[in-house]
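J.: Listed below, chain by chain, are the residues.
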Amino acid sequence: MTEETIREWLADYAALGPDELHTYASTVHHNTQVINAVFAVLDDRVKYNEVSNHLVDNVCTTLFGFYRSKEIELKRFTLVFLPTLIYVYLNAVAHGEKKTCRGIEALLVGLYNLEAVDESCQAQNISFRLPSLAQASLYHEPMSLAPASLTESALRRLEECNTKLVRWGPLTQLEKIIPQNRLTVMTALLFIYNQHISCFQKHSLEQLCKVVSKLVTQGFNKPGKRISYSSTDVPRVLPRIPVSSQLLLEILHCLYFSVFNGDSVLALQAVEEVHHRACYQGYTDVMLVTNAIKNNRASRSGQITDNPMGISLAISPATTTNTVSKSMITNASFRTKKLPGELYRYEWD
Amino acid sequence: MRLFEIHTGFEAGVALDAHLLLGKLHYATGHFEESLRHFMEADLQSLTEKPLPSRSLKIVAESYAVKGLSLEKVPPSSTSKYKHVEWEEQMVRSFELAGDLTLLYLQEQDKLLQQNSTNTGTGTYSPQPTVPSIHMGPILETALQRAPLLHILGGRLPAAVNRYRNMLQAVESSGTHSLRLTLTRQLAEVLLRGYTGTKYTPPNGDTKSKKTASPSPWKPQAYVGPNLFIPRNECEEIILLLLISDAMAGREAVLSQSPEFKEARIRALSNATAVYDLLTIVLARWNQISLLHESLERALKFSYEEPHIWFQRALCLENMGQYGLALTVTKEVARMLNTKVMPCLLAAKICFQHLNDAYEGIEWSEMALQRELSNPQGLLSRCYLYIGIGNHYAAVTTHLKNNKLTYNNAAMEALNKAQQVDPNDHLIEYYIAMICSCRGQILEAMTHIKSALKLCPEHAPSLHLMILLLTAQKQYAEASALLHSSLSDFPDSLDLHYVKAHLELQVQGGDAALLTAKNMLILWKVLHEEQTLADVGDNKSVFQLYTSEMSDKDSSSIHAHSLAASKVEQALSEVASSLSTFTPKPGPQRAWLLQLQIWLLLAELYLSMDQITSAAACIQEATNIYPLSHHIMYTRGLVHEKKNEFIEARQCFQNAISINPSHVKSLQHLGLMYHYLGNQRMAEKTLRDAARIDPYSPTTWFNLGKVLESLGDHTRASDCMATALQVETVNPILPYTSISITFE
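Respectively, the protein sequence lines represent chains A and B. Mapping the first sequence onto our numbering, position 250 (from 1) lands on 250, and the numbers just tick up by one. Each position in the second sequence, counted from 1, maps to that position plus 349 in our numbering.
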């Protein structure tokens, strides 16, 4: 059945003329049958490669074709499968079965190399300025936010604002993936995925959460869950998939988005699992973010449900507290004293 | 009669006010439809946008707000879609107008107030805020926040973002402080959670404000200026918003600790914390931890005993490489969160990895274990592993035979327990293999390193250890085959190149090794030169870095140092830099120290090929980077030794040892120098010291044998020679401890 669907899909796409591509692109995301079939094939690539020759490879070739086309929707269609592809690939490597997924590896390298350069073949890099409160902006003026706006580092950032940019990239094009660059490549690909994440449908975000869950927990004993036993009753322990802190940070960015736009229960579960992995590995930067997400949820769980995106209405407290607030000391209570007018110079005669 | 009243009312110009008031009253009593009828009669929707006195501004604003609120309570009865859209539009428009008018009203109030205060001319100098606190009241505040929310609920994200931006562009007035705190955060949340990536469009503030230089008199005044920072992408906008929010939250934070303000304090703190959390989520991904740390540091003032803020700060510090401070803060966190395992493990890791303090690290690991046992958090195997690592390094650094044995046994015991709990962890196997290697149990070590590699085939430190183990068994062909394949997996690893150079020196002679070392210099240039040029602003001194950054997680460090040695070098360098003309090279010192190691490697290679001048030149290069390293002194000693200048050589080795008393190679050569100079008793003593520190080095035993022979003690001499032969079978080409500590 799945095989059937896939074959039909491959044939359909192959038969398309260049002028039909645009209309095809606009409908492709609604074809849930095909999407599910592709997920199924990727999940069980060994079986499908045995059943029919090179089915997975053909799927990968088509996905690469999609990505290379000028149609943004087709490009996104490929990206929907990216987290799954990354998991399948890393899992195969961890099993020492890299040879069985050459097609997927080639697809990933291809995507990476396409993203490494822009249209004019220049190395692509994304950069932005680090704002400083010392410079007036669309939303504030420095004096009203003093003293936070006038710290030494805020002024330094102001000085460097236009010269010292925060950068992503440039990426160097690759011939092949080796252990040294493997996780860097995966991180870069997930970064691309994150650029488009607001365009994906809810179920692809759900898929993302499930895949992330597997990626970070595989090979670990889950508390309360027994290790799966295969038919021969020998404990079958799956290998762990190595991760890097940068990869986990990129994953957390996806998950944070999914908390509010996908299945929040699944996403939060995955955040919890990433947190545990980060603790296990001692990645402080990842722990920073997982702590922040968890705390953010915990401190305002009461109000979340009814508002979209967890945005909370905060009406300032009623005037009753005003009477006590006279004696309450806040940071704002400390004010610089104004000098009384001008300074006078005394004449000594 | 009623008609008449209305009529006269119109004439008196109070009918409008009366209707608006009635509308509000009806809303308050829950008669929403009545309320709407009054607004209808007042003809509210067709009021022309003309300048109004301050009082009327507020009335109209409130009326629109109430109208919006009433509309919300009375959805259209018909199910027609058109009606529904119309109803929604009307509602949003009411709220938007109410919002604009409110902001305008508050700005006007501020102006009036300023005039008054300048008129009376009595500035107060009390530390208390002089804010007479104009409150907009809950109705208006709700209206302001409701408009964008309705857009979001209706799925019109761009409109919502626009609305937020318009409200925030209005110049702040004293009544809008807390509102703006909320709005900046909300806009950041919307941008972060729904409006990211390709969907994002930047605000076009500048062009817009110019175009509408004299907008409707109902619009609040917006920020203008010649040099405004206008965000060009989402990161810039989100970070800007959060920084503003952070500054305001910090300002509102309550410092009083007395119980009467508890509620206000907690509310202000949670407002601030929400901002920090968002900031964390944005900044960590871009590795801008230091910016986050600034905010957290400011937050300490009002975060007494708040474990979340403290923990986050500790994590920031660790990440920024300020390990000493990170440890201190982590200790506080461990005290505040007295059941949590993670702070203890973090403290232990900092001690092991960066502060070279195995003993304190062991204490923290033990505490982590106790907490884990009484309160399981899924980290049991890690606790045992950390205890094992700590004891291993303690064993390496201690000189007393008994202590070494105790530490080694403790390490083994802990690691075995760890392995029972978590048989699927390659790191545990790696450390078991490491301990076996250091004790000379090569075959056992091989078994364990193989299982480590089975669990994680691409674990670089395991490959490294495996290569050294192969060289210990003198299987040079296998070792170099494995080295070759490892290098094709990790072509940038200076560690592996270092091993390669030594292996080539052993097997193929100096020329091949020299080529490898030269390649290392090229590699260094590719990997690190940019860092040294880019980070000129890195003004940390060389001394702090020497201990900590050599074994940085992403560096390819070459040698692990003992704590004492690096402390002495630090102290000496401080003196030297104050006295002499030595100035540290700019940029991260870690990178420079790697280069130093490469120069010294080259020097040793040249020496082996009898090219003494080249060797001296290499040492000079190394000296330029960092003159007081004991490695340099040792290598300089080798040069003198080569030239048969034994007295000078002895001086050099003595210098090296006075910095690092456990530097085995210096001890070996110093012993030899005493021997050549005829001071046999000193030679024997020095070599015995060396043997105590590392009993598995054949050179030590061989030299000791020679010394004893010249003393005429033939039986003991032959014993030593026998030992030398025996340990030669387990001696790797480079010491096992040259592999830097790893937690990956």
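Keep in mind that the hints were calculated from the coordinates and are not lab data. A quick note: this is a predicted structure, and the numbers were derived from the prediction, not measured. Where a beta carbon is used, it is the ideal one built from N, C-alpha and C, also for glycine. Careful: at least some of the hints might be erroneous.
[What the hints assert, rightly or not] Lysine-lysine pairs mimicking PhoX-like chemistry, simulated, CA-CA at most 25 Å apart: (1) B:K680 x A:K202; (2) A:K294 x B:K1055; (3) A:K47 x A:K98.
[To be verified] Looking from chain B toward chain A, a few residues come up when the C-beta cut is under 7 Å (computed): (4) K430; (5) Y431; (6) V434; (7) K548; (8) V573; (9) L577; (10) I579; (11) A596; (12) Q606; (13) P608; (14) T629; (15) L664; (16) M691; (17) N773.
J.: Hints first: check each against the structure and report whether it holds.
T.: How the hints compare with the structure:
no., hint, result
1, B:K680 x A:K202, "43 Å, violated"
2, A:K294 x B:K1055, "67 Å, violated"
3, A:K47 x A:K98, "16 Å, holds"
4, K430, "21 Å, violated"
5, Y431, "24 Å, violated"
6, V434, "19 Å, violated"
7, K548, "4 Å, holds"
8, V573, "9 Å, violated"
9, L577, "6 Å, holds"
10, I579, "5 Å, holds"
11, A596, "4 Å, holds"
12, Q606, "10 Å, violated"
13, P608, "12 Å, violated"
14, T629, "4 Å, holds"
15, L664, "4 Å, holds"
16, M691, "5 Å, holds"
17, N773, "5 Å, holds"
The earlier numbered hints that this structure contradicts are 1, 2, 4, 5, 6, 8, 12 and 13.
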